[in-house]
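Dock chain B against the given chain A, drawing on the hints supplied.
If you read the protein sequences in the order shown, they are chains A and B.
FYI, the numbering for the first sequence is 180 to 386, going by this note's numbering.
FYI, the numbering for the second sequence is 326 to 681, going by this note's numbering.
Just so you know, these hints were derived from the structure itself, not from any lab.
One or more of the hints may lead you astray.
Take a look, some chain B residues computed to stay more than 10 Å from chain A by CB distance [what the hints assert, rightly or not]:
no.	residue
1	354
2	366
3	620
Which bits of chain A does chain B cover? Going by a derived footprint, with three or more residues having C-beta under 8 Å, they are [stated by the list, open to error]:
no.	region
4	301-313
5	341-348
6	368-381
Since this is a predicted model, take the numbers as computed values, not measurements.
Beta carbons are placed, not taken as given, at the ideal position from N, Cα and C, and that holds for glycine.
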Amino acid sequence: MSALLTASREEFVSSFDSFETAEIARLSKTKFLNSLEELNNLDEYYNKASTTTKSISPEKYVTNHSKVENFLESINEKMSLMNTLKLVNSKTVFAELLHKWEGTIIDIDSDNNCFTAIIRDIKDKSKPDEKMKISSSAIMDIDSDVFETGAIFYWTISYMTNESGTKTKQSKIRVRRLKGISSKEISAAKLKAANFLAKIKTLLVHE
Amino acid sequence: MNRDNDVVEFSLFGPGIGESILVKFQSEKWIIVDSCINPETNQPAALEYLLSLGVDVENDIELIVISHWHDDHIRGITKIIETCPNATIAFSAALLKEEFLQLVFALADESTIVDKQTSGLKEISKVIANINRYHETSNNWKLKLVTDDNRIYFNNDDEVWSLSPSPASIAQSLLSFKELLDNQKNNRKIVVKPKQNDCSVALHVATNKGNILLGSDLEDSKDKNCGWKAVVNSKTRPQGKCKIYKVAHHGSITGHYDATWTNMLENDAYSAITTFNRKHLPLKEDIARIKKFTSNIFCTTTPLIKPKKMDKTTKKLTDGVILEREVLKKSLGHIKIILEDPNSISVDMNESAVKY
Numbered sequence: 180m181s182a183l184l185t186a187s188r189e190e191f192v193s194s195f196d197s198f199e200t201a202e203i204a205r206l207s208k209t210k211f212l213n214s215l216e217e218l219n220n221l222d223e224y225y226n227k228a229s230t231t232t233k234s235i236s237p238e239k240y241v242t243n244h245s246k247v248e249n250f251l252e253s254i255n256e257k258m259s260l261m262n263t264l265k266l267v268n269s270k271t272v273f274a275e276l277l278h279k280w281e282g283t284i285i286d287i288d289s290d291n292n293c294f295t296a297i298i299r300d301i302k303d304k305s306k307p308d309e310k311m312k313i314s315s316s317a318i319m320d321i322d323s324d325v326f327e328t329g330a331i332f333y334w335t336i337s338y339m340t341n342e343s344g345t346k347t348k349q350s351k352i353r354v355r356r357l358k359g360i361s362s363k364e365i366s367a368a369k370l371k372a373a374n375f376l377a378k379i380k381t382l383l384v385h386e
Numbered sequence: 326m327n328r329d330n331d332v333v334e335f336s337l338f339g340p341g342i343g344e345s346i347l348v349k350f351q352s353e354k355w356i357i358v359d360s361c362i363n364p365e366t367n368q369p370a371a372l373e374y375l376l377s378l379g380v381d382v383e384n385d386i387e388l389i390v391i392s393h394w395h396d397d398h399i400r401g402i403t404k405i406i407e408t409c410p411n412a413t414i415a416f417s418a419a420l421l422k423e424e425f426l427q428l429v430f431a432l433a434d435e436s437t438i439v440d441k442q443t444s445g446l447k448e449i450s451k452v453i454a455n456i457n458r459y460h461e462t463s464n465n466w467k468l469k470l471v472t473d474d475n476r477i478y479f480n481n482d483d484e485v486w487s488l489s490p491s492p493a494s495i496a497q498s499l500l501s502f503k504e505l506l507d508n509q510k511n512n513r514k515i516v517v518k519p520k521q522n523d524c525s526v527a528l529h530v531a532t533n534k535g536n537i538l539l540g541s542d543l544e545d546s547k548d549k550n551c552g553w554k555a556v557v558n559s560k561t562r563p564q565g566k567c568k569i570y571k572v573a574h575h576g577s578i579t580g581h582y583d584a585t586w587t588n589m590l591e592n593d594a595y596s597a598i599t600t601f602n603r604k605h606l607p608l609k610e611d612i613a614r615i616k617k618f619t620s621n622i623f624c625t626t627t628p629l630i631k632p633k634k635m636d637k638t639t640k641k642l643t644d645g646v647i648l649e650r651e652v653l654k655k656s657l658g659h660i661k662i663i664l665e666d667p668n669s670i671s672v673d674m675n676e677s678a679v680k681y
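Chain A extracted, bound-state conformation (with noise of 0.2 Å):
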């Protein structure tokens, strides 16, 4: 049941990533974010489930056993709302996208539990880029692996009001995900390399 969960939720983590970064431009922000907190919500029950599971009684276990089975059902329920995100009702939810900033990651503080980055309004792209020293713990744990120099985040600050017009205000930073570089596109680097190297050497000037 374990491997099942962790399998299940892998694919639906991959889900997510491959369609945060396929397409979140063409998606409404509210809807992602939306998204997201759903997926957090998922995290911290599954988290539970599955600590719970290793003492407990055999009745206890059925019990646990059942939530865990609504969890994957849950599970495919949102994969499947993902999916078709595009047709769900915007008029149920939504939310009101107060800042929207990119950032880059350009050094990491892990003695002092913070990091710096270079900050630019996505909304207001007249405002001047920010440097600014940010508390790592804003990071979610699910961008930990994702978390290092060089990488770029985006931070959204918002209203959100849910279905029953309950207004929270929410600030989330998503680490972005980008496949890496593969070894198949390293050969093809090595290769124009070598090539411009050949080309070149008639234009090089010696004294």
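This is chain B only, laid out in the frame that chain A set:
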């Protein structure tokens, strides 16, 4: 600022995160070292200035030096090269090696998705694409690979000598380029400015009115065969002392070597610094240290300014998350130092620049 004739001019431009240098000889010929962008016009600062003076950039720019590849030294260099077709292009020799070119082609080739900021790789990629195209259409293009102690330009009394990179520095740089590429295999990200600047090209400009030392971002190194130690201790470099110094690496301690001041510069040399806001350079202690060697210190821009207050909601949500904020100021500083004769130097600055 007015144009002066029959003088040697040194002009330094810096918008807070970059730098570009011009030197005009008595012959009315110019050299350009590196490039930065004027944030107000989005044009290469050096080129704008030359055009404002009415310089015939097609014929009077003799040499364009790409001292190294970091974004604060290279933005806009492609446009300069395109506009000055008769200039010789001098590259740090480390940049036309397979290890660096692989990095460029893999991460910033014209066909590759690249970010707004690529630590200069994108700009270098444009230069390479231009060289590729030019190679197919003309035989006039001249490229020069720059290593230590080479005369890369001369015209009567005027000479430009490269003082670095040393062979050991180039070897170190090539290793670091390979590491930078390997580091992209997991998740593609910005190649941020590496800590070592060993492959930078420092220059000695010799004229009959005085000499100029252009320190680029060259740093001191523990290895006597690298960085400033290799430069200062070289027996084959020009030995004349310099009146003007473009201080290395934005005045930081990493670019400082006492012997540079004592062995290569005249007393009280006119020292020009470009700021590097991302790292707060030069720091107060940097200025204090440099003051021990000269009283003539000029900086292209003033220190960082405080940002505007955030709205209440944002402030509440980011309290405890944003620990410090600073605005990366967008104004172009210009310091012009004129060598009228061996005993007469004058300085002119625009409103962004400051004297310490």
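Here's how the hints hold up against the structure:
1. 354: holds (17 Å)
2. 366: holds (16 Å)
3. 620: holds (31 Å)
4. 301-313: holds (count 7)
5. 341-348: violated (count 1)
6. 368-381: holds (count 10)
The structure is inconsistent with hint 5 alone, although it conforms to all the rest.
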